[in-house]
Every structure is written in structure tokens, then in C-alpha cells.
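Trainee: As numbered in the numbering used here, residues 8 to 158 make up the sequence shown, in order.
Everything labelled a hint here was simulated from the structure, so no lab data went into it. Note that CB positions come from ideal geometry on N, CA and C, so glycine has one too. No false leads were mixed into what you were given.
Restraint ranges, calculated between C-beta atoms of paired labels, are given here:
hint, residue 1, residue 2, range
1, T64, G123, 20 to 28 Å
2, K43, Q122, 12 to 20 Å
3, G46, L121, 19 to 27 Å
4, G46, I150, 30 to 38 Å
5, D135, D47, 29 to 37 Å
6, Q25, T116, 12 to 20 Å
7, I150, K93, 32 to 40 Å
8, V126, A149, 24 to 32 Å
9, R120, N21, 13 to 21 Å
10, S36, K74, 14 to 22 Å
In the EDC-like style, the derived pairs of lysine to aspartate or glutamate whose C-alpha atoms are separated by at most 16 Å in a straight line are:
hint, residue 1, residue 2
11, K33, D113
12, K89, D101
13, K41, E108
14, K52, E124
15, K33, D47
16, K89, E132
17, K89, E99
18, K52, E111
19, K151, D62
20, K151, E111
21, K89, E131
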Amino acid sequence: MMEISNSQLQQLANNTIQPGDVYRMKLTSREGVKPKNDGDTSRNKYFIVMGVTPDGTLVGFVLINSKINEFISQEARESHYKLLAKDYPFLEKDRYACCGELKEIDTITFFQRLQGEVVGCIREEHLDAIRGIIAMAADVSAIKLKDYNII
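All chains, full assembly: derive it from the sequences and hints.
Mentor: Below, the structure written as C-alpha cells:
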């Protein structure tokens, strides 16, 4: 396997992965995604890219869920942003961006798992609203917010 330098990785990530891009790929517990069935190690999920760290090594993202978990706190339920299928046909039905938690995947893993191109892009006004919810989330550090240009 060809070795890629950090500067090449940074350039590739910054030229390829843009805030608002929506991808669908297999994510694992390493990225904070719980597999759905016993014995599974991954799960296909839609997610919205929020940014890439300045050194190009990590991609920050929020998950897109088909519904809001009824067993989470009221505060966590309020940290979701509704995405309408009429605005984003690739979603097939209305879904929710989970903005209370900013997840990360290293760019090497991202590119290894990438099975195609971006499936869509979130409109700027919706992306701004999502950024605002993330910025107010108690579980997202100020360092991460700055690393991904959310604030």
C-alpha cells in the first residue's frame, strides 16, 4: 500500500471533504455508532460533514437519524434538526440531524470506507442552523468547535 504524507492527506481532505456534504458509509463503535443487530460490527449511516481539522487528520460530523430516540433526555431531543425529504430527496423520508454530539472519523479510515461520492449537500441556511445547535451543545468542546470552524 502506498504511504501518504500528512501534507498530502491534508490537501486531499481539504479538497474533497466540504462542510455540508452528506455521505453514507459503514460506521463503527470507534466513531460512536452502535451496530443495530447482535454480531454486527458496523452500520450504514448518513452523516453531515461539519469540517476537517486544520491538520487534515480528522473529519467532524453529525449523524442523520430516521427518528429521535424517545429514551434520551429532553435536552438531547431538542438538539435535533429536522431534514425534510422534499428538500433532500436522497433521504427518502424526513430525518433528523443529531446536533448534540460532534463525532469524528480519521481521514484515512474515511477514505478507506468511502464507497462513492457525496450523496448530497445540506443547504447553507440549514447548515448554519445545525452549526448553531452544535455550538450550544453541552457535550461539544470549544476546541472541537474551533477545529471544525463551527464558531
